[in-house]
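Residue-level listing of the chains:
2 protein chains.
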Amino acid sequence: MSDMRLHILGCGSAVPTPRHNPSCQVLERRGELMMIDCGEGAQSMMRRMRLRYNRLRHIFISHLHGDHCFGLPGLLSTMALHEAGGTVTVHILREGADLFARMMEQFCGPVSYRLEWDILDPAERRVIVDRDDFTVESFPLYHRVACCGFLFREKAKPRHLLGDMANFYGVPHYRRQEIRMGADFVMPDGTVIPNDRLTREADPALSYAYCSDTMAAKRVAKVVEGVDTLYHEATYGDDNAALARKRGHSTARQAGEIAAMAGARRLVIGHYSKRYNDEEQLRREAASVFAGQVIAANEGMTIDLGNGDIAGA
Amino acid sequence: MSDMRLHILGCGSAVPTPRHNPSCQVLERRGELMMIDCGEGAQSMMRRMRLRYNRLRHIFISHLHGDHCFGLPGLLSTMALHEAGGTVTVHILREGADLFARMMEQFCGPVSYRLEWDILDPAERRVIVDRDDFTVESFPLYHRVACCGFLFREKAKPRHLLGDMANFYGVPHYRRQEIRMGADFVMPDGTVIPNDRLTREADPALSYAYCSDTMAAKRVAKVVEGVDTLYHEATYGDDNAALARKRGHSTARQAGEIAAMAGARRLVIGHYSKRYNDEEQLRREAASVFAGQVIAANEGMTIDLGNGDIAGA
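Chains A and B supply the protein sequences, listed in that same order.
Mind the numbering: the first sequence is residues 1 to 313 in the working numbering, read in order.
Mind the numbering: the second sequence is residues 1 to 313 in the working numbering, read in order.
Hint data in this document are derived by calculation from the structure and do not stem from the laboratory.
Accuracy of the hints is not assured; some may be wrong.
Some residues of chain B that are not near chain A, with every Cβ distance over 12 Å (derived) [to be verified]:
1) E32
2) R48
3) E95
4) D98
5) A123
6) K155
7) K157
8) R159
9) G163
10) V186
11) P188
12) S207
13) A217
14) D278
15) D304
Short derived list, chain A residues pointing at chain B, Cβ under 8 Å [unchecked claim]:
16) Q43
17) Y53
18) R126
19) V127
Not close to chain B: a few residues of chain A, all C-beta gaps over 10 Å, as computed [what the hints assert, rightly or not]:
20) E40
21) G85
22) E95
23) P110
24) Y142
25) R180
26) R200
27) A241
28) R265
29) Q293
30) A311
Glycine included, C-beta positions come from ideal geometry on N, C-alpha and C.
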């Protein structure tokens, strides 16, 4: 199991169906949860998927359509009822922050955790979370209204120190961190022990991009270039390509094209129109133009972003 | 099947559980739907229970706690996506109308139906829907925040005309309505045909009262006196009577006492705390002090308010 897993809580589009919830995903990284979009029912799905409220630290809302954020007041209230602690940051467009902050005031008053609102800029690429080992960037998508994509990236990870070898060569503990970062070790007698005798390869730094809702756009492929796993909306199939264009959405084939252009390793599709009862058709259309792994998202699914293993759907 | 049926879409309380949705009911009368409270997930439950969006004409929101109204933006948006027509009136406290109207503006813009906001007065008993054959009144409940109960009442119904007898005595069509209303028929020769030879008894006028959330209060029993079916919250059992008082809620036994005081024919309980895994305990506590029918509400249940038949749960 790798460090990053993607949980699918909802992958339907605006018109709800008995088969799909509105948009919601949870990215899990080393036990921390980050939610991406928060359609109605997000809190129930978290419970059902056994994702713990008090591990949720960030909520990223791509845009202000109800199927991407109407679960927010309920989730934030329930977290307060569960006496979740720490800081929860909601990344959202300004009008959304104003409205939902007012709702929280009206309905909850003071909450058990620290609730912060981070205002997104839908016009520019911007780092919105910056940590030693991890960043999140927001970037423009192209929908009928202002809309942001999100790019989650681990920074390069340290190599694994081979404990036996380090002991054999007498590497003191205070030098080990720089060895992990790639340095050779110079013994007291001047002998140089090359790094690759003391360490083995680092785990790959994983990355994940979330692109919904949007028209298929080369500019988006450019921003997410080299991403490991790309989630791209695929509201329609080839049969509704004109409708996709008109409504600022993408077809599954276009999602595949963007994944190919970006050189992604893996594509996850979702945000299905209610028209489709079988997402396998959409998956095949995407796979016809993209050679990597293509996964049709489904509620309850968990994807290991390292090896692409799928569980629970 | 009588003219009024009660659908239970949610009967849990503030802390959501896997077993119950937050508060939501739909009262169906002659094909028209009236929703009472609208917790998150109301739109999904409507779909699951095959209650059609475009039959919904009124939504009554008892108070501004999230578990009673966070389903509203999603439901109203989805109704617009389904191009529901006609007028939909939301009866709600002023702060709620302000907030939700602003949300609708932000998220939906113009909708396919006419959306009206009727401001409730939580301090006084007041008729809020008045029709030829039916009224709805709001009245004060006693909770931690301003809260309204709702009383739905059919007016006395016309008697059933016995067609064969009316024809036999030559009752002209233009006289038949007054015969239905109870008049005798005077034949051209002066002979009086008493009404009970021309008609049979009217269907009973049904009534339903919704009391949630509230402390048990004699004043409430007084307002709903003589009601046919009473829904009264029963958040706790005897084991948590002190907590009920502290939080402005009722125990199941108190719900039974109010039903008995009001002389109701039938009691429906709900708004269960997450503490209870078996509502049968609560039902029994209510039934120990109330001799009429006691029903423990459950999601998916439909209750015929005429004969008390239960389906679907």
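Comparing the hints with the structure gives:
The Cβ of E32(B) lies farther than 12 Å from every Cβ of chain A, with a closest approach of about 23 Å, so its non-interface assignment holds. A cut-off of 12 Å between C-beta atoms contradicts the statement that R48(B) is not in contact with chain A; the least separation is 7 Å. Chain A draws E95(B) into its interface by the beta-carbon criterion, the shortest separation being 6 Å against a cut-off of 12 Å. For D98(B), the requirement that its beta carbon stay farther than 12 Å from each beta carbon of chain A is not met, with the minimum near 9 Å.
With a closest Cβ-Cβ approach of about 19 Å to chain A, A123(B) is found to remain outside the 12 Å limit, as its non-interface label requires. Non-interface call for K155(B) relative to chain A: holds, since the shortest CB-CB distance, roughly 37 Å, exceeds 12 Å. Separation of K157(B) from chain A is adequate, the least Cβ-Cβ distance of about 37 Å exceeding the 12 Å criterion. Listed as a non-interface residue, R159(B) keeps its Cβ farther than 12 Å from every Cβ of chain A; the least gap is roughly 44 Å.
Chain A leaves G163(B) outside its interface by the beta-carbon criterion, the shortest separation being 45 Å against a cut-off of 12 Å. Against chain A, the non-interface label of V186(B) holds: every CB pair exceeds 12 Å, the least being about 60 Å. Taking the minimum C-beta to C-beta distance to chain A, about 63 Å, the non-interface status of P188(B) holds against the 12 Å cut. Annotated as non-interface, S207(B) keeps its C-beta farther than 12 Å from every C-beta of chain A; the closest such distance is 31 Å.
For A217(B), the condition that its CB be more than 12 Å from all CB atoms of chain A holds, with the nearest at approximately 24 Å. Distance check on D278(B): its Cβ is at least 20 Å (rounded) from any Cβ of chain A, clearing the 12 Å threshold; non-interface status holds. Taking the minimum C-beta to C-beta distance to chain A, about 25 Å, the non-interface status of D304(B) holds against the 12 Å cut. Among the interface hints, the one on Q43(A) holds; its C-beta lies about 6 Å from the nearest C-beta in chain B, closer than the 8 Å criterion.
This hint is violated: Y53(A) has a C-beta 11 Å from the nearest C-beta of chain B, more than the 8 Å allowed. Proximity of R126(A) to chain B is violated relative to the hint, the smallest CB-CB distance being about 23 Å (cut-off 8 Å). Evaluation of the V127(A) hint against chain B yields a violated restraint, the C-beta minimum of about 27 Å exceeding 8 Å. Its closest Cβ contact with chain B, about 4 Å, brings E40(A) to no more than 10 Å, contrary to its assignment away from the interface.
The non-interface label for G85(A) is consistent with chain B: the shortest C-beta to C-beta separation is roughly 17 Å, beyond 10 Å. Its beta-carbon lying about 6 Å from the closest one in chain B, E95(A) breaks the requirement of being farther than 10 Å from that chain. Under the 10 Å C-beta cut-off, the non-interface status given to P110(A) relative to chain B holds; the minimum distance is some 15 Å. Distance check on Y142(A): its Cβ is at least 20 Å (rounded) from any Cβ of chain B, clearing the 10 Å threshold; non-interface status holds.
With a minimum CB-CB distance of about 44 Å to chain B, R180(A) clears the 10 Å threshold, and the non-interface call stands. R200(A), annotated as away from the interface, keeps every beta carbon of chain B farther than 10 Å; the closest lies near 44 Å. No beta-carbon of chain B comes within 10 Å of the beta-carbon of A241(A); the shortest separation is about 21 Å. Chain B leaves R265(A) outside its interface by the beta-carbon criterion, the shortest separation being 35 Å against a cut-off of 10 Å.
Distance to chain B confirms Q293(A) as a non-interface residue, since its nearest Cβ pair spans about 31 Å, more than 10 Å. For A311(A), the condition that its CB be more than 10 Å from all CB atoms of chain B holds, with the nearest at approximately 20 Å.
In terms of the numbered hints stated before, the structure departs from hints 2, 3, 4, 17, 18, 19, 20, 22, listed from lowest to highest.
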